[in-house]
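Visitor: Given the structure of chain A, go ahead and fit chain B onto it with the hints provided.
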Amino acid sequence: MVITGAGIVTALGLGWRANADGFRVGRRAFRPVSLFDVTRQRAKEAAEVDLPRALPETRLSARTMRRLTRASRQLLWAAAEAWRQAGWEAGGNLPLVLGTTGCGSESGEQYYRLALEPAPARRGQPTRSLRHQGQRQALDVAEAFGFEGPVTIIANACASGYNAIGHAWELVLTGRAERVLAGGYDVLTLLAFAGFDSLQALSTTRCRPFDAGRDGLGLGEGAAVLTLESLDSARGRGADILGEIIGYGAATDCHHLAQPNPEGHAAFLSMREACARAGVAPESVGYVNAHGTGTVLNDASEALAINRWAGPRARDLPVSSTKGSVGHLLGGSGAVEAVVCLMVLIEQWLPPAPCVETPDAACAFPLVREPRDARVEIALSNSFGFGGANATLLFRRWP
Amino acid sequence: MIRIFVRGAGAVSPAGWGVEPLLTALRAEAPTSYEPDPSPPPSPIRWERVSCGRRTGEGERSTSTERSTKEQVASRELRAPSGSRRFAARLVPAPAPRPAWLGHPRLRRASGISQFALSAALEALESAPGTALDATRLGIVTGTHTASIRYSERFFGEVLENPATASPMLFPETVMNAPASHMAAFLGCTGLCYSLVADQTAFVQALVVGCQWLVDERVDTCLVVGMDEAAWPLADALDHFAHGLPLSEGAGALLLARQPGTAPAVELQCITDAHLYAAAATKEPAARAMRSQLPAESPGDLLVDSRCGTPRLDRAEDLAWADWHGARISPRFTLGEGLCAATAWQFVAARAALTRGWARAANISVVGANLQSVGARFELAEE
Numbered sequence: 288m289v290i291t292g293a294g295i296v297t298a299l300g301l302g303w304r305a306n307a308d309g310f311r312v313g314r315r316a317f318r319p320v321s322l323f324d325v326t327r328q329r330a331k332e333a334a335e336v337d338l339p340r341a342l343p344e345t346r347l348s349a350r351t352m353r354r355l356t357r358a359s360r361q362l363l364w365a366a367a368e369a370w371r372q373a374g375w376e377a378g379g380n381l382p383l384v385l386g387t388t389g390c391g392s393e394s395g396e397q398y399y400r401l402a403l404e405p406a407p408a409r410r411g412q413p414t415r416s417l418r419h420q421g422q423r424q425a426l427d428v429a430e431a432f433g434f435e436g437p438v439t440i441i442a443n444a445c446a447s448g449y450n451a452i453g454h455a456w457e458l459v460l461t462g463r464a465e466r467v468l469a470g471g472y473d474v475l476t477l478l479a480f481a482g483f484d485s486l487q488a489l490s491t492t493r494c495r496p497f498d499a500g501r502d503g504l505g506l507g508e509g510a511a512v513l514t515l516e517s518l519d520s521a522r523g524r525g526a527d528i529l530g531e532i533i534g535y536g537a538a539t540d541c542h543h544l545a546q547p548n549p550e551g552h553a554a555f556l557s558m559r560e561a562c563a564r565a566g567v568a569p570e571s572v573g574y575v576n577a578h579g580t581g582t583v584l585n586d587a588s589e590a591l592a593i594n595r596w597a598g599p600r601a602r603d604l605p606v607s608s609t610k611g612s613v614g615h616l617l618g619g620s621g622a623v624e625a626v627v628c629l630m631v632l633i634e635q636w637l638p639p640a641p642c643v644e645t646p647d648a649a650c651a652f653p654l655v656r657e658p659r660d661a662r663v664e665i666a667l668s669n670s671f672g673f674g675g676a677n678a679t680l681l682f683r684r685w686p
Numbered sequence: 003m004i005r006i007f008v009r010g011a012g013a014v015s016p017a018g019w020g021v022e023p024l025l026t027a028l029r030a031e032a033p034t035s036y037e038p039d040p041s042p043p044p045s046p047i048r049w050e051r052v053s054c055g056r057r058t059g060e061g062e063r064s065t066s067t068e069r070s071t072k073e074q075v076a077s078r079e080l081r082a083p084s085g086s087r088r089f090a091a092r093l094v095p096a097p098a099p100r101p102a103w104l105g106h107p108r109l110r111r112a113s114g115i116s117q118f119a120l121s122a123a124l125e126a127l128e129s130a131p132g133t134a135l136d137a138t139r140l141g142i143v144t145g146t147h148t149a150s151i152r153y154s155e156r157f158f159g160e161v162l163e164n165p166a167t168a169s170p171m172l173f174p175e176t177v178m179n180a181p182a183s184h185m186a187a188f189l190g191c192t193g194l195c196y197s198l199v200a201d202q203t204a205f206v207q208a209l210v211v212g213c214q215w216l217v218d219e220r221v222d223t224c225l226v227v228g229m230d231e232a233a234w235p236l237a238d239a240l241d242h243f244a245h246g247l248p249l250s251e252g253a254g255a256l257l258l259a260r261q262p263g264t265a266p267a268v269e270l271q272c273i274t275d276a277h278l279y280a281a282a283a284t285k286e287p288a289a290r291a292m293r294s295q296l297p298a299e300s301p302g303d304l305l306v307d308s309r310c311g312t313p314r315l316d317r318a319e320d321l322a323w324a325d326w327h328g329a330r331i332s333p334r335f336t337l338g339e340g341l342c343a344a345t346a347w348q349f350v351a352a353r354a355a356l357t358r359g360w361a362r363a364a365n366i367s368v369v370g371a372n373l374q375s376v377g378a379r380f381e382l383a384e385e
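Chains A and B, in that order, are what the protein sequence lines are.
Remember, the numbering used here sits 287 above the position in the first sequence when you count from 1.
Remember, the numbering used here sits 2 above the position in the second sequence when you count from 1.
Looking at chain A on its own, in the form it has when it is part of the complex (with noise of 0.2 Å):
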């Protein structure tokens, strides 16, 4: 099972090479959040998409193409980047397997915000009830790409995005489809900025996983999009491979609704489950791209779960979390960390997480933070969520 396209938009920049040299030397991408106001909230900053105007260019009608919802746009971004590496052409029966957390979220805010209005306008209203759906943004890319197929959308919170790309590794390794088209997304909005404001889980100074002075997460928007296909069907084509996804592994904390067991009992069941998956020892990952929100109580269980998994390997395990950059991306943080497991694979280097000062007394293993090149043959990258939903996966250099 092997990678041969994928596509990322962060607030980095749209495409490979823009994330590539932000990643690379641990660009931060936070600023004032513009998307909604926030004068009323604690924190004040997050990682916002620069998207442009312009759409790439695919089936969809301008009239479509004018009605999509901000995640579709990121979704089309990043899919159509994907689309075009693997030289994927239109038409046949392709699975398409996306994670996210709210869908087409601003469109919904905005239809509740007019539907509380006493005597509400109607005009408008089923579009953006519409564009609200999760299918929505699914049928936008099967619609913009010319292919239909199984749509699955698993909303397991914040690793959707694993989930997902795991999913569709199993669909082609059990040989029930050949290619399966896998991302995930989520975009900035008002009520998940709230939410996370609420439970005082954003930072109100630095986002800084793994620091030991670090005050919570920061949020971001994004997707990334990654086409998955056989061996087989990839040399068929001569289609370039980027690398292999060799191991999944997935596990629920049944500890709290919003809060991970502190030893980080199921992360360790995750990454245990995705290398014995892989038939890979601890010894034989390079690198690990970490959960790392920087919130106090998943970095300490994240770390103690890395140092169980990882035994004696972990005094030299390069580790970090690229949340310090893009921040939180929620639905589409495991999709975007897998296509820095790529970028890592494939251009030989780790990025830093920047801003941390002080690693975690916590953490047996270095943290990576400053920019520097490395030679990597095995990522692993732990994707955790709200619900005790936990996910890992397993990547390899293609030779």
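Calculated directly from the structure, the hints in this document are not laboratory data.
For glycine and all other residues, C-beta sits at the position ideal for the given N, C-alpha and C.
Stretches of chain B that chain A covers, calculated by requiring three or more beta carbons in the stretch to come under 8 Å of a beta carbon on chain A: (1) 189-199; (2) 239-250.
Using C-beta positions, here's what the derived DEER-type ranges look like: (3) 107/B with 326/A: 35 to 43 Å; (4) 169/B with 566/A: 44 to 52 Å; (5) 372/B with 528/A: 30 to 38 Å; (6) 408/A with 159/B: 17 to 25 Å; (7) 5/B with 664/A: 35 to 43 Å.
Guide: Just chain B now, kept in the frame of chain A:
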């Protein structure tokens, strides 16, 4: 070839908490072509432990019961905050008495949808005697359209009022996987647990995922739950497309396994391809394509469809099944548009019809509102 069996089923609907109230409601309102066996077998379900509604037994199949059932699912109203707009709705009655399991720490503040989902799941588990349950090898897949919309609406309303005082207790309950998470915590499930979203077909997509896990031996048993809850913004949105169609709520659950269990065993014989409504494929060809993948009608076959009683919305399904002359039930006619819960009721009703000897096989047709058409077939497994 690995076969998949439906070992248990559970439901919560506007008719009450359990499969029996659901069936009673469907029988009371069903078209005359649907004639169940007059003496169904007694329910093996231990109601007192699982469900919250009154027990429904054979003796209650009288006209007066049918009348009370109709009253129970009678329309109620949801109102927009301004009070100027009212929407017909069929809501799940409060459980009486309140079951002890609702006192579980994870459920004390949980939204109605989580309570519906867990009740249906527990009933599905209890209706499958002899199923060895290893929670670490139990998978959970849920399908929903809008998940915890009541808490989302409430929380967002508070944010618009003043974000500084919006409740931090509500926000985590708004995530779409909250019901599945509560189920997993209650059952001790530490393995695979997915929450899927889509139109009414999300439940069928969840069935597909559950079957894949079983075939791949990732799990030994799998709970597949369809669920949705009613709230005024959803009723308002539905009203734009089907004025007057009552929104409803609840959940339905199926317990899947690779072994048949006790007779009569129901086998999930097939799930059709998902026929997408992409640009070129509108509902009608998609519904026809779904129907063409299910077997032609045979004596003893039942059709459980997704029609809601609004001719414009039902047209594609009417055309797709125009050749069907046998027994047919449409749960949404009786119970309203319960979205993914209603799709789950279709499957629960189909299983019940087979286990009680009312039908030999059942085609289940789901023509989703705006994503895809997909169908399935249950058959009584041969000894």
